[in-house]
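Participant: Protein chains in written order, with the numbering used here: chain A, 266 to 373; chain B, 14 to 180.
What the hints contain is simulated information worked out from the structure, not anything from laboratory work. A hint or two may mislead.
[As the list claims (entries may be wrong)] To list a few chain A residues with every Cβ distance to chain B over 10 Å, as calculated:
1) Met266
2) Pro283
3) Arg300
4) Gly343
5) Thr347
6) Ala355
[Claimed, not checked] To give an idea of the chain A side of the interface with chain B (calculated C-beta under 8 Å), a few residues:
7) Gly299
8) Ala303
9) Phe304
10) Gly305
11) Arg354
12) Gly362
Quantities reported herein were computed from a predicted structural model and do not represent experimental measurements. Ideal Cβ placement from N, Cα and C applies to all residues, glycine included.
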Amino acid sequence: MLPKLEELILLALLKQGPDTTAGTVQAMLSEATGREQAFGAVFTTLDRLTEKKFVKWKKGLPDERRGGRAPRLYTITGTGRTTLIASLRATQVLAEGTAIGGLIPARA
Amino acid sequence: MRGNGNSDSAHDDGSYPRLLAGLIILARSTAQRPDNEDASPRILIWQFIGVLLALVLMDASVPNWLSTAVAAALPIVAILNRGRKAQSWLGGLTAPPRGFWTDLLLPPERADDILYNLLGRYDYWVQKHGAVKARLIFATQSFGCILSFWTDWLLRRVRLLVQLRKQ
Numbered sequence: 266m267l268p269k270l271e272e273l274i275l276l277a278l279l280k281q282g283p284d285t286t287a288g289t290v291q292a293m294l295s296e297a298t299g300r301e302q303a304f305g306a307v308f309t310t311l312d313r314l315t316e317k318k319f320v321k322w323k324k325g326l327p328d329e330r331r332g333g334r335a336p337r338l339y340t341i342t343g344t345g346r347t348t349l350i351a352s353l354r355a356t357q358v359l360a361e362g363t364a365i366g367g368l369i370p371a372r373a
Numbered sequence: 014m015r016g017n018g019n020s021d022s023a024h025d026d027g028s029y030p031r032l033l034a035g036l037i038i039l040a041r042s043t044a045q046r047p048d049n050e051d052a053s054p055r056i057l058i059w060q061f062i063g064v065l066l067a068l069v070l071m072d073a074s075v076p077n078w079l080s081t082a083v084a085a086a087l088p089i090v091a092i093l094n095r096g097r098k099a100q101s102w103l104g105g106l107t108a109p110p111r112g113f114w115t116d117l118l119l120p121p122e123r124a125d126d127i128l129y130n131l132l133g134r135y136d137y138w139v140q141k142h143g144a145v146k147a148r149l150i151f152a153t154q155s156f157g158c159i160l161s162f163w164t165d166w167l168l169r170r171v172r173l174l175v176q177l178r179k180q
């Protein structure tokens with residue numbers, strides 16, 4: 266089983282596709298949860314996911330508009346995808362048969 | 014009468030530094046305007062009126078020795094400030110942060126990635142919360158990144174040590 270933040274970040278990477286920056290992931294999480302997510306938590310979790318080989322990254326090109334700094338571009342790996350599916354399946358199995366099973370209302 | 018005469022004489026002596034102070038204030042307030050800002054003649058006239066009013070009020074309410082001291086101090090302040098940026102203090106607040114502490118306290122590659130993403134999000138924060146609060150958020154998020162990086166670094170070492178001791 267994956268911790269919740271790791272699961273959400275893997276989902277965001279899966280949804281966004283390859284070569285996603287941490288900033289995009291943070292923006293997606295902030296939008297999904299409705300509050301500004303801490304960048305520190307996102308970076309640390311991405312480091313942990315990289316260590317577990319669920320995510321890989323390569324260095325992007327420097328951007329002059331952002332002080333000539335180059336980002337890390339993250340992509341979910343096959344292992345990451347398999348683990349995410351297993352984790353989501355477990356959540357789904359547990360949710361089935363409860364009042365919210367299969368019918369989680371959208372955020373108001 | 015004599016007292017008045019002395020007072021008038023002192024008043025006259027003090028008016029030149031005050032006039033000089035007024036001219037310095039006017040020159041500096043005009044020179045410090047950012048190039049992209051609208052420096053219309055109307056604004057300059059209002060500035061001049063403001064300086065004149067300040068001089069009149071200073072003359073009326075402040076003791077002579079104090080106004081002379083302030084007038085004498087103003088050129089020194091002007092010289093000290095000459096090396097500063099042309100931007101005003103508020104203008105400096107709206108500029109994107111440099112991320113000095115992040116650069117200093119994190120490994121270069123990590124700092125690059127973090128600042129790239131924080132600067133990318135900065136415009137959104139400015140639009141949503143305004144420049145001052147955006148800078149505060151930037152500083153808080155930078156501090157959080159530095160703290161979480163070193164906490165994680167420390168925890169990994171502790172975990173490694175615990176594993177080594179178990180073996």
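Participant: Each of the hints needs a verdict: does it hold here or not?
Facilitator: Structure-based check of each hint:
{"no.": "1", "hint": "Met266", "result": "holds, 20 Å"}
{"no.": "2", "hint": "Pro283", "result": "holds, 17 Å"}
{"no.": "3", "hint": "Arg300", "result": "holds, 12 Å"}
{"no.": "4", "hint": "Gly343", "result": "holds, 24 Å"}
{"no.": "5", "hint": "Thr347", "result": "holds, 25 Å"}
{"no.": "6", "hint": "Ala355", "result": "holds, 26 Å"}
{"no.": "7", "hint": "Gly299", "result": "violated, 14 Å"}
{"no.": "8", "hint": "Ala303", "result": "holds, 5 Å"}
{"no.": "9", "hint": "Phe304", "result": "holds, 5 Å"}
{"no.": "10", "hint": "Gly305", "result": "holds, 3 Å"}
{"no.": "11", "hint": "Arg354", "result": "violated, 29 Å"}
{"no.": "12", "hint": "Gly362", "result": "violated, 38 Å"}
Hints 7, 11, 12, counting from the list given before, are not met by this structure.
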